[in-house]
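Asker: Each protein sequence line maps, in turn, to chains P, R and B.
Following this note's numbering, the numbering of the first sequence begins with 2 at its first residue and continues without gaps.
Following this note's numbering, the numbering of the second sequence begins with 676 at its first residue and continues without gaps.
Following this note's numbering, the numbering of the third sequence begins with 3 at its first residue and continues without gaps.
One should not assume that every hint holds.
[Said to hold, decoys possible] Simulated coverage check for chain P against chain B, where a stretch passes if three residues somewhere in it have a Cβ under 8 Å from a Cβ of chain B:
| no. | stretch |
| --- | --- |
| 1 | 43 to 51 |
| 2 | 91 to 99 |
| 3 | 138 to 145 |
These aren't lab readings, by the way, just hints derived from the structure by calculation.
Owing to the predicted nature of the structure, the values given are computational and were not obtained by experimental measurement.
All C-beta atoms in this analysis are idealised placements derived from N, C-alpha and C, irrespective of residue type, glycine included.
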Amino acid sequence: MPRPGFVLDVDRSTPPILFWRGENYSLEKLPADRSRVIYAPEPEAAIEDIDSAIRHALLNPIEMDPLPTLLFPGMKLTIAFDDISLPLPKMTRPDIRQRVIESVLDLAAEAGVDDVHIIAALALHRRMTEDELRHMLGDRVYDAFAPRGMLYQHDAEDQDNLALLGETPQGEEVEINKRAAESDLLVYVNINLVAMDGGWKSTATGLSSYRSLRHHHNTHTMENSRSFMDQHKSELHKSNWRMGEIMKKHGPKIFQIETTVNNDTFPSAFNFLGKREWEWNARDRAKFVASSAALSRTPARMRRNIFQSIEAPHQMTSIQAGEVEAVHKVTTANVYRQQLVEVQGQTDILTMGIPFICPYNVNSIMNPILVMCTGLGYFFNLYRNKPLVREGGVIIMTHPTTNEFHPVHHPSYIDFFEQVLTETTVPSELEARFEKKFAEDEWYKHLYRTGNAYHGVHPFYMWYWGSHALQHCGKVIIVGGDAPTIRRLGFTPASTFNDALEIASDVVGRSPTITHFHTPPIMIADVK
Amino acid sequence: MKALRVDRSTGRFMLARLVSGIDTGTAAKIGPLTLTNCEPPELVNNEWQRVHPLLTGICGSDLATVEGHASAYFEHWVSFPFVPGHEIVGTLDSGERVVIEPVLGHAARGAELPFPDAAPGDGDDYAHLAMPPLEPGIQIGFCNSTGGGWATELIAHASQIHTIASDMPDERAVLVEPVAGGIHAALLAISHASKTEAPLFAVLGAGTMGLSAIAALRKYSPQATIIVGARYPAQMRIAKTFGATSVVKPDELMRAVRHAAGCHVVGDYLSSGAHVTIDAVGNSNSIALSLRMTRPRGRIVLMGMPSEVTTDLTGLWHRETQLMGAYTYGTETLPNGTKKRTFLMAIELANEIRAEQMLSATYPLSEYQQALRHASEAGARGAIKVAFDMRQEKLR
Amino acid sequence: MANNYPAFKSRSESARRVLQRGARGIASAEKVASKGVAFWRRAGFPFRAPSVPRGVSVPPKEPHLGAYFDTSFARKPAARAVRRILVAGPVTGMVKFLARPTVEGTDRLSDLAKRTDVGGVIFAPNHHSHIDTPLMTTAVPSPWNDRLVVAAAADYFFDKRTKGTIAALALNAFPIDRETTSRKSSDELRALLARDWSVVIYPEGGRSPDGWGQDFKAGAAYLSIKTGSPVVPVFIDGTGSVFGKGMKRPRRGHVRVIFGAPLFPEENDNTRRFNERIEKAVTLLGDESLTDFWTSRQRAAAGRSTALTGPEYSGWRRQWSLYEHRKLGAAGQRRRQKRRWPNLG
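Pulled out of the complex, with its shape left as it was, chain P reads as follows (with noise of 0.2 Å):
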């Protein structure tokens, strides 16, 4: 039986935390009596005949009718699925999309349908490559549609094969694939791996448009999703079911496929990087201190290799399928029943290890705006009713934040931190001032539709997600990273994990409270 997760208050007898830095950890002491430490609840278990699952879920829908009902000869089927940016880290093969994928197609075939597209909805995020969608999909489905061209990559940017289908009461365009709007049944197949995936945001995120999804990611709307993570409270969700009203009026019929995997993060080698420290035994320690100091003797392109290698042994635990909102309200308990954890009140200081990898750097580099998006956007916001740090708090991240980029992916970025953020760092001017040039320079988008990039505007909606946490801190220190890029990026920069609680102590006094948001593995503060 998995324990739930639980918070610890530090005492002088608690061992030091790990902190996650980038492609290496630390350990770091807190301060005993005034800290706490949220550690995440234990992986559940995962379900043992998943392909049964699957086939279950798709003969027995939730306020839909069973899938062969809805296939006939003749029929235009589009099936999308979400992009690398899920599961963090890339989970074993096989895939669930490539499981769920591989149940649809036996249900398609059987029912004698021809026409079957399969679609990459990666909004504006990058191309994937042909091992990554390997990987996504494994190698039957890959290699029976793809040289027929009937699996590809949503272009957001190809204007031909846009399909506007309205406006919102609040002039919001939604603007889809072509291809799925015009499908008879959109079969998505989904991956909830943090509460603020799924629902309408699939469809209505994953298969737009720049035109479709400035609408929602905004400065406004981040600074009002209090906290995105929470879709009941979260702007952006609002506007998504908003634009899913109008999908259901005139867009395709949908079939939304949700799945939630369990928090099993990390491969036995890598295993206690999950555990409590004091659970470490001999071996545990032993690996902690070889890897991290071999870790810190290895070139950063080589540490890279090694932790972008890392294929995560997370399982699915839940899989519903049928009516986009009455399936995700059952995703949602799903993901919530792994990942909630009750923590008693906020606290001064929030301190979190910025980990290797992100949505946005699979496979590729975390360069500072992701580290500012990973921190400020996603485990700032991993919280219920209110967030961790007090307002006017400090957040202290650990993170060799580094000004390396990947020329390939984040071309985009490597401008934003050159001529945007040398400017301005706050949100709303920047948005202002320089989105518009940036989502319509036509290199980006060249690079975006042929090669491996980001969208040009992709930056901005990384600082968009810190938006709402930069409103509310009164100071964000990085610990351990490379000053001059620190400082551009608007943050204080500090050597070591005391000195940042002596800069702190400039905002939030000499006896602080200290929170440690131990992740991953991914979890939700519901903050009382």
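Place chains R and B on chain P using the hints.
Answerer: Here is chains R and B on its own, set in the frame of chain P:
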């Protein structure tokens, strides 16, 4: 008179060159430069006047000479021994304050002017530069007969003398000469992009010349986008105040230009790029970079003295890029068709931009080692222009 | 041989020279050794086996070859340790050299590996060649590869003591008489499955005579129903041309091994029905190997899968259609050429 003089000594040139990699100050000491007390130059005829320098700037080409890096090209265009220094503000015997336009043109040598009212730098035949009555020399500061600015005295021809208003401080006036160079380069750039509504200019290097060019670009092409690659914070700050649209590190420059042009990158080259790039650095790397970021059929204005470079010119050939030198100044034809002496425009512009903010430090002649060291490390030490200050010299 | 051209040694010529040299070496070694064994040649009984007097008959010995070959020694710890080395080294080397196998579909077994209620697994591949057996021992994924018994033709692998010992040791082969169903072997296999050993059984009962498959015999289905162990359908493509029936020596080639999703006997399954499901599953995999996942599913749904056993007619048309059938598999994609200007530094 007290003067810093460069002698023709191959051995000392080579020594200087060897040592200059380590320290310019030492190179200056053991190199061809010596601080001497010597006879002032004689007036050639009554068109010439005696000038007592107040401030004289240290220019990049001066440094190159002192460090023994000067190109063999100049062998026949200069006459040893000479006193360097051509960015001069001084007083005449009459007490009038003047700036010197250093080029030794037709008038100075009594040759026929290429056209009426030509400036010293005008004309398309350089024969006069090596002709009597003077020893060969392209400018004051490279000619044995006239002396140079790193001294307490020199002579200048009437055509070279520009009187300045009394409210113009010496510190501003000493920068008129480099500003004139900047204006000349900027106008070469602007004329090439004259058909464009909103031209895109890239400026590589933000030393005195680069900064002057930026100021001039802004003045004579107000609607232009000017993107500057500058290495040091002081340069970046001034570039911004002189009107650069955006200032980035040199290795970010190409991306900034691409972003501004909204073009593609094909291999190492921008598919389009800046209409004109002003290269105020002038080495292999800067020229290569300029080639990469200048749009096809664009122009590269080479303001920095390049010496010997190794560059792949395939791109220049394929893109039909103009590679154009910008040595000095003369008579400019403005976009509206009027003609004007560059130097007069420079005096005007120097006043407008308060050019003295580029002058970072002054040294007496006796501290020439420190002065040259400071000049060679100007950027890193937060300086733009270093000058010699002769106002306290006893011999005056 | 008069030859005015520059000396050009064909491979066979140089090979012959090596062989000659080797033979000479062996001959001299033999000469030395023969002196040592001369005594035994000269000495008679009791140093040599007795001769049998005329008129008496010696009772026949218990059969120990063929289906009667006792292979239990091969499942003892020591033998397993040796086998691990043999499989990792020479067997894998031989298979890689001859067959260059591509193994696909092992992801379909990932759940089975995690299930605690499933012990032994029955792998049911089609059968074209003797190389299928070493191929399967190398292709079956963990955790089954360590406890894997291969049902092998008793008359081929176990006809000689040494051959049988090697087969049992290296491949963990288990003799099965393909002519008659022997109670003994099926009982032993059931016992093995119960002790969490997995078994490779070729349901076709023998190698394909002409490149097409044969009807499935019910052995695997029977065992599965009796023990509850799942059957994993496997399709092996291409071993027929590496070392097919009737070939004197192997020829190098490329083969593919495709694992299918495991099949469990359902409640109302009898041996015949379950056997049909197994055959269908292997047929589908065969189609998948020659076309692709989607096409094979569509054809299966429409009942248009190419039967493993091939068309009904015989003679040249049967061979002809085999060729057509195999050509489907070649519909690959061409690799993109490098189109960039070479970087010469």
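Asker: If any of the earlier hints don't hold here, list their numbers in rising order.
Answerer: Violated hints: none at all, because every hint is consistent with the structure.
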